[in-house]
Amino acid sequence: MTIDNIIIWFQSWLPNARIAPLYVAAVLIAALAIFLVMAVNALVAVYAERKISAFMQDRVGPMGQGPGLHAGKWGLLQTVADTIKLILKEDIIPKAADKKLFIIAPFIVFLGAFIALAALPWGPTLIAADMNIGLFYILAVSSFGVIGIIFAAWSSDNKWSLFGGMRSAAQIISYEIPAALSLVAVLLLAGTLSMQGIVANQSGTVWGFLPNWNIFNNPFTFLAFFIYFIAGVAETNRTPFDIPEAESELVAGFHTEYSGMRWAFFFLSEYGNMLVVAGVAVVAFLGGWQSPIDGIMQGPLWGLIWFLLKMTVVILIMIWWRWTFPRLRVDQLMNVAWKVLLPIALFNLFGTAIWTLTIG
Amino acid sequence: MINLVFWFFVILIVLSAFSVVLNKNLIYAAISLLLTFLGIAALYVFLWADFMAGTQVLIYIGGILILLLFGIMLTHKITSVKISHTSVQKGIGGAVVLVLFIGLLWMIKITPWKMESAMEPEQTVNTIGTLLMTDFLLPFEVASVLLLGALIGAAVLARKES
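Respectively, the protein sequence lines represent chains V and Z. Position 227, counted from 1, in the first sequence is what our numbering calls 228; the numbers after and before it change by one each time, with no gaps. Position 32, counted from 1, in the second sequence is what our numbering calls 14; the numbers after and before it change by one each time, with no gaps.
To be clear, the hints were calculated from the coordinates, so they are not data collected in a lab. Just so you know, not all the hints are guaranteed correct.
[Unchecked claim] Mimicking DSSO-like on lysine-lysine, the simulated pairs with C-alpha atoms at most 27 Å apart in a straight line are:
| no. | chain 1 | residue 1 | chain 2 | residue 2 |
| --- | --- | --- | --- | --- |
| 1 | V | Lys160 | Z | Lys6 |
| 2 | V | Lys96 | V | Lys160 |
| 3 | V | Lys100 | Z | Lys142 |
| 4 | V | Lys160 | V | Lys90 |
| 5 | V | Lys96 | Z | Lys96 |
Just so it is clear, the structure is predicted and the values come from calculations on it, not from any experiment.
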């Protein structure tokens, strides 16, 4: 279901209508769907994160036993209650802050995650826009997030915010390079930048039993997956790469001064970014909506189910990492990006090229 | 509809470019630059140059603008610096601008522009890749050597003397 399909569907109902309003309506529908996915993802992932962290730290997590507003069985409604609280909270803008920038910054960060999701294929036919340059588009628009974080950091007029923003921008820019290089290795195999094209290229099997996903295609892409995943987690500013908001050093980093709804938008986009990184990892390396067993359980609905399942696994691994690894120091972080991941990614790219020319 | 969107972006580019030049606050000038870059990326989309549009966003917004913002924000009390907007020799300057403007208008008017209605290309990235590896290999390699030189230079400058 692309935007074009929605327009054609509209036209079958209203044959005489002009194309422009139909186009706007179709885009709005797609945008609403993406926003809903982001919101539901944040609700579920926050709950999962709290429960899993509780499990790992031998606690029970949200249980909803308190008086007053009851948070449901096993605390299932905890994130819903939190969301309502965030909406009702007072919106504080510091006196010294640059008001205009302070107000728009969360929305720019949100925009980065939001428009990247438009190019993610949720199934064989379910994608908002199957662009020729899909993967490249996602890499490009993720830079809006950095701009938004810098605006938020600077406009807060707070030293913790500024430190956090600077660290965040330096980190995201650095880790973009190994991430992009490991994705280029995938492009060598797929020969296209279109997200659906990359997924379609991963059908069939290798050695007769493994699915022909890029991660299993050759040893170099196997390594490339891990480089992308590490760099991707770093781009989402999550532990072990969360020095931009390191609580013990910087209070809360670039969103120290934010409260209420604006803070919620930062949160929403952080979980949206997880979705983007997990989605790109699944599309580029884990076969997207392809079934793990060749030839069975295929089709649009199965495709959606497989895609969501793979995304869930990748996001759960991110959560698992967050509660397992200690935080890296700033210099360690930069060392990992430039002295470890970048050389391996370059070597990988070279290796994949040789492999495709000779064996593949 | 297409026309409306096109003119929206054209006006956005021109207004934001004015704002870049005229804004007294450096940060706001940088934000205006963001809008200018975005508008130009949109113009590339109108030309069916989707890869160019992506490159525009990735390099100019994701790279150059962020570096600019870094420079601005790490400079001590940069916002208290008032950028001077006093101008001297308004008469001669105005005359030169007028002559330039008329010259450019005249040039645009008399040039026989090649007007063609092209079809939307099936593949843009493949064509660009093939051309870079065949017809434009030398400029491509020269550019990469230039960038490598810049990279080494930056590393040398940033290195502390031991």
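Verification of the supplied hints:
{"no.": "1", "hint": "V:Lys160 to Z:Lys6", "verdict": "holds (24 Å)"}
{"no.": "2", "hint": "V:Lys96 to V:Lys160", "verdict": "holds (15 Å)"}
{"no.": "3", "hint": "V:Lys100 to Z:Lys142", "verdict": "violated (39 Å)"}
{"no.": "4", "hint": "V:Lys160 to V:Lys90", "verdict": "holds (24 Å)"}
{"no.": "5", "hint": "V:Lys96 to Z:Lys96", "verdict": "violated (56 Å)"}
In this structure, the hints that do not hold are numbers 3, 5, in rising order.
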